[in-house]
Structure formats: structure tokens, C-alpha cells
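Q: These are the residues of each chain, in order.
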Amino acid sequence: MMNKTALFIPCSVNLLLPWIGEAVDRVLKRLDVVSVYPDRQTCCGQMVYNKGFFNEARSFATHFLDVFESFDAVVCPSGSCTAMVKHRYPSLFDDDPKMKQRALDMAGRVFEFSQYLVDVLGVTDTGASFSGKVAYHDSCHLSRDLGVSLQPRTLIRAAQGTELVVLNNGDQCCGFGGEFSVSYPDISTAMVSAKAQSYLDSGADLLVVGEPGCLLNIGTYLEKNHPGKQVLHIAEFLDCQGGENGR
Amino acid sequence: MDVKTQSYVTEAKKEMASPASRTFLDFFLPVLSAVREIGMTSFPDPAAAVERARAIRRSSVDRLGELLETFERNAVKAGARVFWAENAHEANIYIRDLVNRHRIPYVTKGKSMITEELGLNEVLKKNQTPVYETDLGEFIIQLLEKPPFHIIGPAINIPTDEISRVFMEKAGMDSASTDPVVLGQAARNFLRDKFRHMRLGITGVNMAVAETGSILNVENEGNIRFNKSAPGIQVSVMSLEKIVPNLDDALHMTRMLCRNGTGQKLTSYVTLDTGPRKQGEKDGPEELHIIILDNGRSRIYDDIKTREVLQCIRCGACINVCPVFRQIGGYPYGWAYTGPIGKLLNPLLLGLDRTRDLYGACTLCKACKTVCPAGIDHPSMILYLRNKNLAADPVLQGEGSTFAERLMSKTAAFAATRPRTWNTAARLGSFLASKLGPCHPLVSAWTLKRTFPSLPPKTYRDLRKHP
Amino acid sequence: MTVHHHDHVEKAMSDSRQTILGRLKTAERILHPDYPAMPPSPFLSMNHKDMVEILVRNLTEQGAEVHRAEGHENLRQTIDRVIADQGFSRIMVSEDPFMENLKLESHAENHCAEFIKPSDLEGNEQYKGTVFSVDAGLTTVDAAVAESGTLVIAHNKTQSRLISLAPLVHLAVVRTGTVVPVYEKALDLVIPNGGLPSQLTFITGPSMTADIMATPFRGMHGPRRLVVFLVDT
Ligand code: SF4
Numbered sequence: 001m002m003n004k005t006a007l008f009i010p011c012s013v014n015l016l017l018p019w020i021g022e023a024v025d026r027v028l029k030r031l032d033v034v035s036v037y038p039d040r041q042t043c044c045g046q047m048v049y050n051k052g053f054f055n056e057a058r059s060f061a062t063h064f065l066d067v068f069e070s071f072d073a074v075v076c077p078s079g080s081c082t083a084m085v086k087h088r089y090p091s092l093f094d095d096d097p098k099m100k101q102r103a104l105d106m107a108g109r110v111f112e113f114s115q116y117l118v119d120v121l122g123v124t125d126t127g128a129s130f131s132g133k134v135a136y137h138d139s140c141h142l143s144r145d146l147g148v149s150l151q152p153r154t155l156i157r158a159a160q161g162t163e164l165v166v167l168n169n170g171d172q173c174c175g176f177g178g179e180f181s182v183s184y185p186d187i188s189t190a191m192v193s194a195k196a197q198s199y200l201d202s203g204a205d206l207l208v209v210g211e212p213g214c215l216l217n218i219g220t221y222l223e224k225n226h227p228g229k230q231v232l233h234i235a236e237f238l239d240c241q242g243g244e245n246g247r
Numbered sequence: 248m249d250v251k252t253q254s255y256v257t258e259a260k261k262e263m264a265s266p267a268s269r270t271f272l273d274f275f276l277p278v279l280s281a282v283r284e285i286g287m288t289s290f291p292d293p294a295a296a297v298e299r300a301r302a303i304r305r306s307s308v309d310r311l312g313e314l315l316e317t318f319e320r321n322a323v324k325a326g327a328r329v330f331w332a333e334n335a336h337e338a339n340i341y342i343r344d345l346v347n348r349h350r351i352p353y354v355t356k357g358k359s360m361i362t363e364e365l366g367l368n369e370v371l372k373k374n375q376t377p378v379y380e381t382d383l384g385e386f387i388i389q390l391l392e393k394p395p396f397h398i399i400g401p402a403i404n405i406p407t408d409e410i411s412r413v414f415m416e417k418a419g420m421d422s423a424s425t426d427p428v429v430l431g432q433a434a435r436n437f438l439r440d441k442f443r444h445m446r447l448g449i450t451g452v453n454m455a456v457a458e459t460g461s462i463l464n465v466e467n468e469g470n471i472r473f474n475k476s477a478p479g480i481q482v483s484v485m486s487l488e489k490i491v492p493n494l495d496d497a498l499h500m501t502r503m504l505c506r507n508g509t510g511q512k513l514t515s516y517v518t519l520d521t522g523p524r525k526q527g528e529k530d531g532p533e534e535l536h537i538i539i540l541d542n543g544r545s546r547i548y549d550d551i552k553t554r555e556v557l558q559c560i561r562c563g564a565c566i567n568v569c570p571v572f573r574q575i576g577g578y579p580y581g582w583a584y585t586g587p588i589g590k591l592l593n594p595l596l597l598g599l600d601r602t603r604d605l606y607g608a609c610t611l612c613k614a615c616k617t618v619c620p621a622g623i624d625h626p627s628m629i630l631y632l633r634n635k636n637l638a639a640d641p642v643l644q645g646e647g648s649t650f651a652e653r654l655m656s657k658t659a660a661f662a663a664t665r666p667r668t669w670n671t672a673a674r675l676g677s678f679l680a681s682k683l684g685p686c687h688p689l690v691s692a693w694t695l696k697r698t699f700p701s702l703p704p705k706t707y708r709d710l711r712k713h714p
Numbered sequence: 715m716t717v718h719h720h721d722h723v724e725k726a727m728s729d730s731r732q733t734i735l736g737r738l739k740t741a742e743r744i745l746h747p748d749y750p751a752m753p754p755s756p757f758l759s760m761n762h763k764d765m766v767e768i769l770v771r772n773l774t775e776q777g778a779e780v781h782r783a784e785g786h787e788n789l790r791q792t793i794d795r796v797i798a799d800q801g802f803s804r805i806m807v808s809e810d811p812f813m814e815n816l817k818l819e820s821h822a823e824n825h826c827a828e829f830i831k832p833s834d835l836e837g838n839e840q841y842k843g844t845v846f847s848v849d850a851g852l853t854t855v856d857a858a859v860a861e862s863g864t865l866v867i868a869h870n871k872t873q874s875r876l877i878s879l880a881p882l883v884h885l886a887v888v889r890t891g892t893v894v895p896v897y898e899k900a901l902d903l904v905i906p907n908g909g910l911p912s913q914l915t916f917i918t919g920p921s922m923t924a925d926i927m928a929t930p931f932r933g934m935h936g937p938r939r940l941v942v943f944l945v946d947t
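Chains as they are written, first to last, in the numbering used here: chain G, 1 to 247; chain X, 248 to 714; chain L, 715 to 947.
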């Protein structure tokens with residue numbers, strides 16, 4: 001690849017789930033993609049934006065553009081952060097045509113990880129292998145905001161030994177929603193338990209998601225209530241080679 | 248109708264623990280959504296049909312003032328009387344005076360969200376005028392004095408023994424039964440007598456056609472038809488956004504309303520009224536009163552960001568797919584409208600200060616927006632409401648932000664452009680959270696059913712720099 | 715009501731009208747582009763025979779019973795047979811030209827049903843008392859729409875509203891010549907000059923509800939049975 005590709009690593013991955021970032025690195029490397037990690041990156045600003053602090057979110061957007069604008073492609077292992085940049089940033093600058101244009105230019109060059117692999121690199125088989133049944137949870141922003149739901153499935157199906165099984169209500173929200181899960185824990189718990197139930201019912205050996213937030217939510221719920229039932233990020237899954245556990 | 252939007256969290260907890268609600272929510276909502284998907288396939292190109300519907304609603308709302316004037320002119324020409332009510336009080340008084348002027352012994356009503364919004368039943372009750380809801384679901388919850396659970400099935404969660412009890416007590420049923428068919432028959436018998444002797448019927452309006460001055464209603468039971476056929480006086484209340492430009496648009500939107508709502512190609516009955524009964528006709532109202540209700544909508548209209556909510560046609564699709572509604576049902580929304588559309592309409596009509604949990608308790612999953620045939624972007628508007636609330640917007644009665652919220656967001660925004668500060672703060676923050684987190688009351692609610700994520704020794708950033 | 719009070723209402727109303735319209739009309743306008751194109755309904759290009767079959771299929775799916783007949787004589791016999799089978803004794807009929815022409819009452823040799831016309835009845839009370847108590851209501855249908863199996867009736871002097879609503883059974887005569895593909899075509903047929911009747915009713919299947927435990931119950935308020943006589947004329 002001659003393009004300059006940058007990695008944008010969400011806060012949740014950086015702080016809590018760094019191995020997802022490492023998995024992204026390894027998978028890209030396996031596919032001969034040279035990626036850079038711009039050191040000055042901070043955060044997409046989704047947290048403040050979703051609370052309703054639009055003005056503050058503009059600082060995040062401005063900084064993001066400063067850092068990433070010079071790259072041909074920006075890859076991010078999170079659907080919601082990608083959607084924030086792609087869809088929310090332009091709307092933050094309705095009163096600033098210059099900034100709006102910068103945001104729009106960026107919007108066309110930011111990709112969620114699986115989307116980047118399939119749509120940009122044209123890859124389907126990443127060389128991953130996992131023997132067992134896998135269910136895929138469609139994260140809200142990934143599937144409905146970015147329209148990414150076939151790409152991860154294509155990648156999962158191509159993995160050696162993997163059978164992709166149906167997850168009932170697979171595109172129903174797992175109840176994370178960032179601050180939502182903390183402000184409305186009871187509702188959030190009811191939602192994640194419904195998701196866990198679908199997973200159990202699906203008969204899958206492994207649940208794969210494309211969103212770190214969902215991973216945290218579903219993962220910590222499973223750990224407490226259904227120990228042994230595993231959930232992996234799509235990058236971790238694609239990083240699996242031969243074993244049953246990519247971690 | 249009482250405003251109970253502030254007990255959202257407690258009501259939600261109650262509902263999540265209620266087996267009756269659970270059965271309905273877990274089973275029927277997914278079924279309703281599936282039926283909707285089948286219904287939509289009867290359009291030759293469902294996506295194009297949705298796009299057309301969205302365009303019709305957008306343009307109708309855009310031309311609202313002009314279309315309302317045209318509608319009024321044509322409705323009056325056809326013999327209807329049109330009354331403009333700026334608020335619920337004006338509408339209620341108009342109806343009450345009509346009832347008193349004609350010495351109406353009781354009134355019957357077809358199902359309408361709008362009269363819930365008006366609180367009309369309470370006003371008539373105070374006037375000593377009995378009101379009979381005639382939609383089966385509405386009839387049941389009226390007898391039980393409960394709010395509607397769902398826009399399409401107001402009483403769908405009520406156990407049959409409860410219905411049986413209240414029917415025996417208040418609707419003349421002789422012997423107990425838990426058979427829905429027997430209960431339905433009992434309601435039919437009771438209400439039939441009301442239809443037989445009714446003198447004033449009240450309905451809502453699903454659509455008002457500007458070009459012809461007609462009003463259109465959609466239903467399955469036939470109660471609205473009775474309310475429009477049997478009495479001497481018909482009062483139809485429409486919120487002002489119900490307008491569509493012409494008959495062709497009305498037909499397309501009717502298709503959409505039915506197929507996207509109940510999944511039926513068309514509901515059992517669709518009626519289009521143009522003026523009252525004509526000379527020589529045997530039935531139909533001698534007087535047709537159409538009330539155009541504002542009740543805060545022209546203010547919503549004034550802000551082009553909130554205006555979009557007026558495109559809603561109340562199909563209910565967003566409610567059925569909402570993952571939060573699927574857990575808590577309709578009661579927590581605490582007022583006339585529930586589900587995603589209730590998260591917008593209730594705050595916009597009641598004020599942001601007492602509806603915080605409505606626009607708060609949303610994961611922004613966009614399931615609602617995806618199925619909305621009216622082109623409403625609920626999540627974006629929810630964010631807008633959050634923003635207006637923090638900004639203490641005077642029109643929408645925002646509360647303003649707390650000191651802590653301001654501090655957090657300002658600090659974050661400051662650090663966002665300063666990588667070093669950001670990283671130090673983020674590390675420190677997550678370290679503190681990991682130490683203190685499990686004790687914090689909010690976090691302990693999370694950890695009740697989940698483990699608390701442990702903090703890895705190194706961040707990704709550290710690993711990348713010093714592998 | 716006092717005159718004074720009436721004035722009060724009138725005044726409030728014109729004020730409100732102006733306030734509301736004023737706000738709506740001074741608000742910022744966003745003009746949206748024209749409606750996007752939609753592919754034409756496949757029903758539009760269907761031949762008439764297929765359209766009729768689809769109508770029948772849709773009607774049946776919704777729980778209507780369909781009887782087919784050819785010509786007036788056969789239609790009378792078919793109606794008579796159904797009425798006799800069901801043991802209906804009093805039936806209210808609409809008075810539209812087609813029904814008048816059918817002269818059911820003069821051909822009712824094989825049964826003892828009584829056909830009642832609204833105009834036979836004096837005043838509102840008698841009409842209502844009768845229409846709420848007859849065994850069935852028999853009406854002509856002005857148009858039948860294939861796309862959803864919908865019967866369209868334009869209510870007027872000869873087509874009273876309650877006949878197809880108050881009795882427990884609605885007997886509806888559909889002439890194949892009035893079968894149209896989509897609702898828009900039904901309007902063209904029923905109101906060729908655009909003059910709308912006081913009420914236009916679209917009937918799709920019998921009255922129903924699922925309000926209790928989502929259990930279907932037919933005949934909630936309107937007819938429990940919808941019997942369609944499809945006649946080739
Ligand atoms: S907001 Fe949209 S989906 Fe929800 S009820 Fe209104 S029209 Fe239907």
C-alpha cells in the first residue's frame with residue numbers, strides 16, 4: 001500500500017482494551033499495510049457531544065482535523081468514533097464554512113476497521129482461523145450510522161474453520177450507550193441481559209463485536225453472569241490464528 | 248392527563264419487574280416489528296415509498312401555514328365549522344360549551360392521542376358529562392384509570408382477569424371470563440347501546456387534506472366510523488401538523504401509516520369526511536366541528552431544528568423497535584406520547600425541565616430513525632434537546648448545566664487539544680475510577696450485574712511507543 | 715348559552731387563528747426539493763382478469779367470504795341462497811341505482827327475508843332502531859381495489875353509512891367492472907369530477923381488534939362477517 005494510513009485509537013481501547021489496538025496492528029501488518037499512529041491524537045469528543053456540549057465538542061473536532069487531515073485514510077476500531085468524525089463533525093460547523101469543508105473532506109477518508117479492510121483494501125480473507133460457531137452483534141453506530149454490517153460478516157465467514165450463526169435481534173442495542181449505562185443501569189442491564197440471552201440461544205462459541213463500548217458492556221456482563229462465554233472485538237477475532245482465544 | 252414524566256426511573260423499574268408487561272414486551276414487540284417489515288414489502292419499492300413519504304411530510308410541514316388556510320377554506324366551503332385553539336384550554340372549553348349548548352347527555356370518543364394531550368375527559372367529567380372511550384383498548388384503560396401502554400394497544404398488557412373484574416363492575420358483564428373474545432363481546436354489547444343513542448361523537452384526525460378540506464381517519468374496530476356516522480354532532484380534533492396537500496399525498500401516507508404501523512395493507516376502515524351530512528342523507532353528523540389545535544406546536548415550528556418533529560404521522564413503528572421501550576413499556580413516558588416520538592414530543596410540549604429522563608435515557612441507537620416513514624431523526628433531536636437543556640434555553644425551559652458538568656466539559660475541551668495534558672488526565676482519571684469506581688453508587692449499580700473492567704498496566708499508546 | 719358567551723368564544727377563536735397562523739407564516743422557511751420519483755405500482759399494468767383474482771385473494775386473506783355470480787339473475791339467486799342458508803330474516807339494503815335495479819324484494823320467492831330500505835322508515839329514530847337491529851346490511855360497492863382487497867363506498871342519499879357498519883353482517887355487491895388496481899384509480903372512478911361525498915369509506919376485511927392480549931377478535935364494533943358477491947356484469 002502506498003497510501004498513508006493513520007490509526008485512530010479510541011480512548012476506551014487506549015486505556016482499557018489496549019490489546020484490541022495491538023490486534024489491529026498485527027492484522028494490518030499481516031496484510032502488509034503500513035500504518036502510523038499519530039502521537040498527538042486525543043479523543044473524538046463523543047462523550048461531551050452526546051451529553052449535549054456541542055461547543056466543547058468543536059475543540060475535539062478541530063484537534064482531530066489538525067492531527068489527521070494530512071492522511072489518505074484514517075482507520076479506527078470503533079463504529080461510534082468513526083461515525084462521530086464522519087457524520088457529526090460536519091454538523092458541528094454549520095456556522096463556519098471553512099471548518100465545515102475541512103470536516104467534510106475528512107468524512108470521506110475515515111473508516112471503521114472492518115470497513116477499511118473490505119471496502120478499501122478489498123480484503124475478505126485475512127488469514128484468520130477459528131474453529132467454532134461465531135455470532136456477530138451489529139453495533140448501532142456501525143450498522144445504522146455507517147451502514148457497516150456485511151463487511152464484518154464477510155471477514156468472519158472467510159476465517160478458517162468458522163461457522164457464522166444467526167444472532168436473534170442481532171441489531172438491537174446492547175444497552176451501553178456510553179453514559180446511558182451508568183445513568184440508567186437498570187434499563188441498561190435489562191438490555192444487555194437480553195443481548196446475552198440471544199448469544200446463549202444462538203449456540204455460538206464466540207460472540208464478535210465491532211465496537212469497544214459494546215465489548216465492555218457485554219463482556220463484563222458475561223464475565224459476571226455466564227463465565228466462560230466469550231466476546232471478542234473483530235480485530236481480536238481476525239488476529240486469531242489456530243487457537244480458540246485471540247487474547 | 249396528569250404529567251408523570253418525572254417518575255420515569257421508578258416507573259421503568261416497576262415495569263421491568265412486571266410479568267404482565269414483560270410478556271408483552273418480550274414477545275409482541277418483536278412480532279409487531281416483523282409484521283411491519285412484511286407489510287412494507289407490499290410496496291413495489293419500499294425504500295422509494297419511504298423516501299416519497301418523507302418528502303411529502305417535509306413539504307407539508309414546510310408549507311404548514313398556507314396549507315392550513317387552504318384546508319380551512321375548503322372545509323368551511325364543504326359545510327364544516329373550523330375552530331382554532333391555541334391551547335388545550337380553548338379546545339376543551341369549546342367542546343364543553345358545545346356539549347352544554349346542545350344538552351348532550353354523554354359523549355363517545357374514538358381513539359385519539361390528541362384528546363389525551365388535551366385532558367378532555369377530565370374537563371368533561373368535571374362538567375358532569377359522562378365520556379365513553381369506544382376503542383376497546385382505550386375503553387379498558389379508561390375503566391381501569393390507567394394511562395395507555397402502547398399507541399396501538401393501549402391495554403395490550405392488561406391481564407384478562409383484571410379486565411374481567413372491571414367489566415363486571417363497570418360495564419355490565421354478568422359472569423367472569425378470561426377469554427379475550429368473550430370480553431370483547433361484552434365491550435361490544437355495552438358500547439353498542441351508546442352508539443345507538445349517541446348525540447355527540449369525538450374523534451381525532453389522522454390526516455387533513457388541504458385541497459379538499461377533508462379529514463381522514465384510520466381504524467380497525469369501526470368505533471370511529473360510528474362516531475362519525477351515528478351522532479348529530481361530530482367533533483374532530485386535529486393537531487395542526489396533520490395536514491397533507493392533496494388526496495394523492497393522503498393516499499400514499501395512508502398506505503404508509505397502515506403498512507409501517509400495524510403491517511396491514513390497509514386497516515379495516517379508512518374514512519374520508521368532507522363536510523357534514525348532505526341534504527337528504529340518512530346518517531352522518533348534521534354539524535361537523537373541526538378543531539385545529541396548536542398547544543405549543545407553532546413554537547416548535549419556529550425553530551427549524553425542532554420543526555421536524557411535526558412530520559410524525561403516529562405510525563408507532565419507532566416505538567416497537569426502540570430497545571429502551573422494549574424493556575420498560577409505555578408507562579414511564581408519563582404523558583400522551585411514548586417511545587422515541589414521546590422522547591421528543593413530551594419534552595417539546597411540556598418543557599425540558601420536567602422531562603429530563605425522556606431525552607436522557609437514550610443510547611442513540613438510531614433504530615427509530617431507521618424505520619420512521621416521516622423522516623424524523625430522533626437521535627439528533629434528542630442531542631439537540633440535551634444541548635438546549637444545558638444551555639438553559641428559555642423557550643424550551645432548559646434547566647442549565649451543573650457546575651460539575653461545566654467543569655468536566657470545559658476541562659475535557661481544554662485537554663482535547665493538548666495531547667500531553669489529555670494523556671496524563673486520562674491515565675489519572677481511569678486510575679482513580681478503577682480505585683474508587685466500584686464504590687461509587689452509580690458504578691455499583693453497573694457492577695451489580697457486571698464486573699468492573701480492570702485497568703491494564705499499559706495503555707495502547709505506551710505499548711506502541713515502547714513495545 | 716348566552717349571546718355574550720358566544721361572542722367570547724368567537725373572539726378567542728379569531729385571535730388564536732391569527733396568532734397561530736402568524737407564527738407559522740413568519741417562521742423561517744426551508745424549501746425542500748420536489749418529491750422523489752417512485753416506480754409505478756405493478757398493479758397498474760396488470761390485466762383486468764388477474765386484477766380481479768388478486769382482489770379475491772386479498773379479500774379472502776382478510777377473512778371476507780367471496781361468492782361469484784354472473785348477471786343479475788344469478789346474482790339474485792346467489793344472494794338469496796346465502797340469506798336462506800344463514801336464516802337472515804331482516805336485511806337493510808342500500809338504495810343506489812344498481813341495488814334498485816336488482817329488485818331483490820320482488821324476486822324473493824325462495825325465502826322469507828324482509829328487505830328494508832332506509833327511505834321506508836320514518837325519521838331518524840326508526841331508521842336507527844332498524845339499522846341497529848337487522849340481521850345484515852346489503853350494499854353495492856362503488857369501487858373495489860385490488861392492491862389490498864378494499865371496498866370503496868361513497869356515502870350519499872342512496873348509500874347510508876350505517877348499513878355497512880351497524881349490522882353484524884355486511885353483504886357487499888362488487889361489480890367486476892368497478893375493480894381497479896389502486897386507490898387512486900378508485901377515486902377516479904367514484905368521484906370523476908372531484909366532487910367528494912360527505913363520507914368516503916374504504917373497507918378492508920371485517921371489523922376487528924387485538925386489543926386484549928393481542929388475541930384477534932372479529933366484529934368488535936362493526937360487522938363480524940364481510941360477504942362479497944362478485945358479479946360479472
Ligand atoms: S416518529 Fe416516525 S416512526 Fe415514530 S410514530 Fe412518528 S412517523 Fe412513526
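Certain hints may be false.
[Stated by the list, open to error] Computed cross-link-like contacts, DSS-like style, restricted to lysine-lysine with a CA-CA straight-line distance of at most 30 Å:
#	chain 1	residue 1	chain 2	residue 2
1	G	Lys100	X	Lys616
2	G	Lys98	X	Lys552
3	X	Lys261	G	Lys100
4	X	Lys696	G	Lys29
5	G	Lys4	X	Lys417
6	X	Lys616	X	Lys552
7	G	Lys29	G	Lys224
8	X	Lys372	L	Lys871
9	X	Lys525	L	Lys817
10	X	Lys657	G	Lys98
11	X	Lys705	G	Lys229
12	X	Lys682	G	Lys224
13	X	Lys616	L	Lys831
14	X	Lys696	G	Lys229
15	G	Lys229	X	Lys552
16	L	Lys831	X	Lys417
17	G	Lys224	X	Lys616
18	X	Lys324	L	Lys842
19	G	Lys224	X	Lys261
20	G	Lys224	X	Lys705
21	X	Lys696	G	Lys224
22	L	Lys842	X	Lys525
23	X	Lys552	L	Lys739
24	X	Lys525	L	Lys899
25	X	Lys417	X	Lys373
26	L	Lys899	X	Lys324
27	X	Lys696	G	Lys133
28	L	Lys817	X	Lys441
29	X	Lys324	L	Lys817
30	X	Lys712	X	Lys261
31	X	Lys682	G	Lys229
32	X	Lys441	L	Lys842
33	X	Lys324	L	Lys871
34	X	Lys417	L	Lys871
35	X	Lys712	G	Lys4
36	X	Lys705	G	Lys100
37	X	Lys525	L	Lys739
In short, the hints are calculated from the structure, not lab data.
Q: Now tell me if each hint is right for this structure.
A: Consistency of the hints with the structure:
Proximity of G:Lys100 to X:Lys616 is assessed by CA-CA distance (about 24 Å); at most 30 Å being required, the pair is judged to hold. A threshold of 30 Å between alpha carbons decides the hint, and for G:Lys98 with X:Lys552 the separation of about 22 Å falls inside it, so the pair holds. The straight-line distance between the Cα atoms of X:Lys261 and G:Lys100 is roughly 46 Å, outside the 30 Å bound, and the hint therefore fails. Restraint check for X:Lys696 and G:Lys29: not satisfied, since their Cα atoms lie roughly 38 Å apart, outside the 30 Å limit.
For the proposed pair G:Lys4 and X:Lys417, the alpha carbon gap of about 75 Å is over 30 Å, so the pair is violated. Taking the CA atoms of X:Lys616 and X:Lys552, the gap is near 15 Å; set against the 30 Å cutoff, the hint holds. For the suggested pair G:Lys29 and G:Lys224, the alpha carbons sit about 34 Å apart, so the restraint of at most 30 Å is broken. At most 30 Å may separate the alpha-carbon atoms for a hinted pair to count; X:Lys372 and L:Lys871 exceed this at roughly 37 Å.
Among the hinted pairs, X:Lys525 with L:Lys817 is consistent with the structure: their alpha-carbon atoms are about 26 Å apart, no more than 30 Å. Between the alpha carbons of X:Lys657 and G:Lys98 the distance comes to roughly 24 Å, so the proposed pair stays at or under 30 Å and holds. For a cut-off of 30 Å, the pair hint linking X:Lys705 to G:Lys229 stands: about 26 Å separates their Cα positions. At roughly 19 Å between alpha-carbon atoms, X:Lys682 and G:Lys224 fall within 30 Å of each other, so this suggested pair holds.
Proposed proximity of X:Lys616 and L:Lys831 is contradicted: the alpha carbons are some 51 Å apart, above 30 Å. With a CA separation close to 15 Å, the supplied pair X:Lys696 and G:Lys229 stays within the 30 Å bound. A hinted pair counts as satisfied when its Cα atoms are at most 30 Å apart, and G:Lys229 with X:Lys552 does not qualify at roughly 44 Å. For the proposed pair L:Lys831 and X:Lys417, the alpha carbon gap of about 37 Å is over 30 Å, so the pair is violated.
Among the hinted pairs, G:Lys224 with X:Lys616 is inconsistent with the structure: their alpha-carbon atoms are about 33 Å apart, more than 30 Å. At most 30 Å may separate the alpha-carbon atoms for a hinted pair to count; X:Lys324 and L:Lys842 meet this at roughly 29 Å. The hinted pair formed by G:Lys224 and X:Lys261 meets the criterion: a straight-line CA distance of about 24 Å does not exceed 30 Å. Restraint check for G:Lys224 and X:Lys705: the C-alpha separation of about 24 Å stays at or below 30 Å, so the hint holds.
Of the pairs offered as hints, the one joining X:Lys696 and G:Lys224 holds, with about 7 Å between alpha carbons and a cut-off of 30 Å not exceeded. Using a Cα cut-off of 30 Å, the hinted pair L:Lys842 and X:Lys525 holds, with the two alpha carbons roughly 17 Å apart. With a CA separation close to 17 Å, the supplied pair X:Lys552 and L:Lys739 stays within the 30 Å bound. At roughly 25 Å between alpha-carbon atoms, X:Lys525 and L:Lys899 fall within 30 Å of each other, so this suggested pair holds.
This hinted pair checks out: X:Lys417 and X:Lys373 have alpha carbons roughly 19 Å apart, not beyond 30 Å. With a C-alpha separation of about 25 Å, the suggested pair L:Lys899 and X:Lys324 falls inside the 30 Å cut-off, and the hint holds. Distance check on the hinted pair: X:Lys696 and G:Lys133 sit about 26 Å apart at the alpha-carbon level, within 30 Å; holds. Distance check on the hinted pair: L:Lys817 and X:Lys441 sit about 34 Å apart at the alpha-carbon level, beyond 30 Å; violated.
The suggested pairing of X:Lys324 with L:Lys817 is violated, with an alpha-carbon distance near 37 Å, which exceeds 30 Å. Between the alpha carbons of X:Lys712 and X:Lys261 the distance comes to roughly 50 Å, so the proposed pair goes past 30 Å and is violated. Taking the CA atoms of X:Lys682 and G:Lys229, the gap is about 27 Å. The hint holds against a cut of 30 Å. Our distance criterion of 30 Å between C-alpha atoms is met by X:Lys441 and L:Lys842, whose separation comes to about 12 Å.
Taking the CA atoms of X:Lys324 and L:Lys871, the gap is about 20 Å. The hint holds against a cut of 30 Å. A distance of roughly 39 Å separates the Cα atoms of X:Lys417 and L:Lys871; the hinted pair therefore is violated under the 30 Å criterion. A distance of roughly 19 Å separates the Cα atoms of X:Lys712 and G:Lys4; the hinted pair therefore holds under the 30 Å criterion. Distance restraint check for X:Lys705 and G:Lys100: the Cα-Cα separation of roughly 36 Å exceeds the 30 Å cut-off, and the hinted pair is therefore not satisfied.
Distance restraint check for X:Lys525 and L:Lys739: the Cα-Cα separation of roughly 34 Å exceeds the 30 Å cut-off, and the hinted pair is therefore not satisfied.
Of the numbered hints given earlier, the model fails hints 3, 4, 5, 7, 8, 13, 15, 16, 17, 28, 29, 30, 34, 36 and 37; all others are met.
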